[in-house]
Amino acid sequence: RKEVEQDPGPFNVPEGATVAFNCTYSNSASQSFFWYRQDCRKEPKLLMSVYSSGNEDGRFTAQLNRASQYISLLIRDSKLSDSATYLCGTGGGNKLTFGTGTQLKVEL
Amino acid sequence: EAQVTQNPRYLITVTGKKLTVTCSQNMNHEYMSWYRQDPGLGLRQIYYSMNVEVTDKGDVPEGYKVSRKEKRNFPLILESPSPNQTSLYFCASSLGPGRDQETQYFGPGTRLLVL
Numbered sequence: 122r123k124e125v126e127q128d129p130g131p132f133n134v135p136e137g138a139t140v141a142f143n144c145t146y147s148n149s150a151s152q153s154f155f156w157y158r159q160d161c162r163k164e165p166k167l168l169m170s171v172y173s174s175g176n177e178d179g180r181f182t183a184q185l186n187r188a189s190q191y192i193s194l195l196i197r198d199s200k201l202s203d204s205a206t207y208l209c210g211t212g213g214g215n216k217l218t219f220g221t222g223t224q225l226k227v228e229l
Numbered sequence: 505e506a507q508v509t510q511n512p513r514y515l516i517t518v519t520g521k522k523l524t525v526t527c528s529q530n531m532n533h534e535y536m537s538w539y540r541q542d543p544g545l546g547l548r549q550i551y552y553s554m555n556v557e558v559t560d561k562g563d564v565p566e567g568y569k570v571s572r573k574e575k576r577n578f579p580l581i582l583e584s585p586s587p588n589q590t591s592l593y594f595c596a597s598s599l600g601p602g603r604d605q606e607t608q609y610f611g612p613g614t615r616l617l618v619l
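Protein sequence lines correspond, in order, to chains A and B.
Going by my numbering, the first sequence opens with residue 122, and the numbers climb by one from there.
Going by my numbering, the second sequence opens with residue 505, and the numbers climb by one from there.
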């Protein structure tokens with residue numbers, strides 16, 4: 122079993138839709154959780170950190186469920202510019218382990 | 505501007521010809537890492553460094569070397585590149601341990617093709 126698993130997609134959604142991604146992790150000792158956005162083989166850029174209490178940044182909401190060992194990302198009112206690959210990362214200390222990413226395509 | 509830089513950005517080489525990819529960060533970060541990204545396999549950590557002269561293997565270290573002689577620089581060395589090292593490479597840095605310090609900031613990537 123992979124340490125971090127994501128549905129690769131692609132998720133094709135119309136503009137304005139709400140879309141949710143999940144990411145499961147196997148290491149119960151993981152302490153840090155992140156969502157990164159990656160555009161077309163460019164560098165991953167931090168979208169948001171994920172805390173136990175959940176956090177929200179505009180149209181984006183991230184949640185952590187430690188009991189079930191998954192993190193989620195919710196995108197509301199999706200825009201064309203949200204089209205990208207979304208990577209989740211978990212870890213602690215010196216190491217982050219990433220999932221393979223979920224591809225999102227937002228269409229007119 | 506706070507950033508991680510890598511050079512070269514693109515490189516085509518032949519099997520067995522030693523190469524070095526440089527990485528530098530200007531954020532005074534303690535932690536630095538190298539990753540490779542391959543289709544279907546995601547980002548995999550090659551090596552990491554927690555401080556000057558402190559390095560350790562990640563998940564896929566075979567065929568690679570690193571050094572950390574200065575805090576800001578973390579070069580990746582391929583002593584004898586092989587075609588299976590054709591990949592997209594990212595350098596990353598983070599402040600250090602601790603929940604709010606572990607965010608990794610990535611360089612722009614180096615596309616390597618080994619013929």
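If you're looking for bench data, these hints aren't it; they were derived computationally from the structure.
Ideal placement from N, C-alpha and C gives every residue a C-beta, glycine not left out.
A few of these clues could be false.
[As the list claims (entries may be wrong)] Taking lysine-lysine and the DSBU-like style, the derived pairs with C-alpha atoms no more than 35 Å apart in a straight line are:
id, chain 1, residue 1, chain 2, residue 2
1, A, Lys216, B, Lys561
2, B, Lys575, A, Lys166
3, B, Lys573, B, Lys522
4, B, Lys569, A, Lys163
5, B, Lys521, A, Lys123
6, B, Lys573, A, Lys123
7, B, Lys521, B, Lys575
8, A, Lys166, B, Lys569
9, B, Lys521, A, Lys226
10, A, Lys226, B, Lys575
11, B, Lys521, A, Lys163
12, A, Lys226, A, Lys123
13, A, Lys200, B, Lys561
[Claimed, not checked] So the derived list for chain A, only partly shown, Cβ under 8 Å to chain B, looks like this:
id, residue
14, Ala138
15, Cys161
16, Lys163
17, Glu164
18, Pro165
19, Ser174
20, Lys216
21, Leu217
22, Thr221
23, Gly222
24, Gln224
25, Lys226
26, Val227
Going down the list of hints, with the structure as the test:
The straight-line distance between the Cα atoms of A:Lys216 and B:Lys561 is roughly 11 Å, inside the 35 Å bound, and the hint therefore holds. Between B:Lys575 and A:Lys166 the alpha-carbon distance is near 22 Å, which keeps this suggested pair within the 35 Å criterion. Under the criterion of a C-alpha separation no larger than 35 Å, the hint pairing B:Lys573 with B:Lys522 is consistent with the structure, at around 20 Å. For the proposed pair B:Lys569 and A:Lys163, the alpha carbon gap of about 24 Å is at most 35 Å, so the pair holds.
Taking the CA atoms of B:Lys521 and A:Lys123, the gap is about 33 Å. The hint holds against a cut of 35 Å. Between the alpha carbons of B:Lys573 and A:Lys123 the distance comes to roughly 34 Å, so the proposed pair stays at or under 35 Å and holds. For the hint linking B:Lys521 to B:Lys575, the alpha-carbon distance of about 27 Å falls within 35 Å, and the restraint holds. In summary, the hint linking A:Lys166 to B:Lys569 is supported, as the alpha carbons are separated by about 26 Å, within the 35 Å threshold.
For the hint linking B:Lys521 to A:Lys226, the alpha-carbon distance of about 40 Å lies beyond 35 Å, and the restraint is violated. Taken as a hint, the A:Lys226 and B:Lys575 pair is broken in the structure, with Cα atoms around 39 Å apart against an allowance of 35 Å. The hinted pair formed by B:Lys521 and A:Lys163 meets the criterion: a straight-line CA distance of about 26 Å does not exceed 35 Å. Taken as a hint, the A:Lys226 and A:Lys123 pair is honoured in the structure, with Cα atoms around 25 Å apart against an allowance of 35 Å.
Distance hint between A:Lys200 and B:Lys561 is unfulfilled; the C-alpha atoms sit about 40 Å from each other, more than 35 Å. Nearest Cβ of chain B to the Cβ of A:Ala138: about 26 Å, over the 8 Å cut. The hint is violated. With a cut of 8 Å, the hint placing A:Cys161 at the interface with chain B is violated, because the nearest CB-to-CB distance is about 11 Å. The closest approach between the C-beta of A:Lys163 and any C-beta of chain B is roughly 7 Å, which is under the 8 Å cut-off, so the hint is satisfied.
Of the supplied interface hints, the one on A:Glu164 holds, with its beta-carbon coming within about 4 Å of a beta-carbon of chain B, less than 8 Å. Taking 8 Å as the C-beta contact cut-off toward chain B, the hint placing A:Pro165 at the interface holds, the least distance being around 5 Å. Look at A:Ser174: its Cβ only gets to about 12 Å from chain B, farther than 8 Å, so that hint breaks. Given hint, A:Lys216 at the interface with chain B, holds; its Cβ is 6 Å from that chain's nearest Cβ, closer than 8 Å.
A hinted interface residue such as A:Leu217 counts as satisfied when its beta carbon comes closer than 8 Å to some beta carbon of chain B; here the least separation is about 6 Å, so the hint holds. A least Cβ separation of about 4 Å between A:Thr221 and chain B falls short of the 8 Å threshold, and the interface hint therefore holds. Proximity of A:Gly222 to chain B holds as hinted, the smallest CB-CB distance being about 6 Å (cut-off 8 Å). Look at A:Gln224: its Cβ only gets to about 12 Å from chain B, farther than 8 Å, so that hint breaks.
Taken as an interface hint, A:Lys226 does not check out: its beta carbon lies about 17 Å from the nearest beta carbon of chain B, beyond 8 Å. With 8 Å as the threshold, the beta carbon of A:Val227 stays out of range of chain B, its nearest partner Cβ sitting at about 22 Å, so the hint is violated.
Hint compliance for this structure: hints 9, 10, 13, 14, 15, 19, 24, 25 and 26 are not met, and every other hint is.
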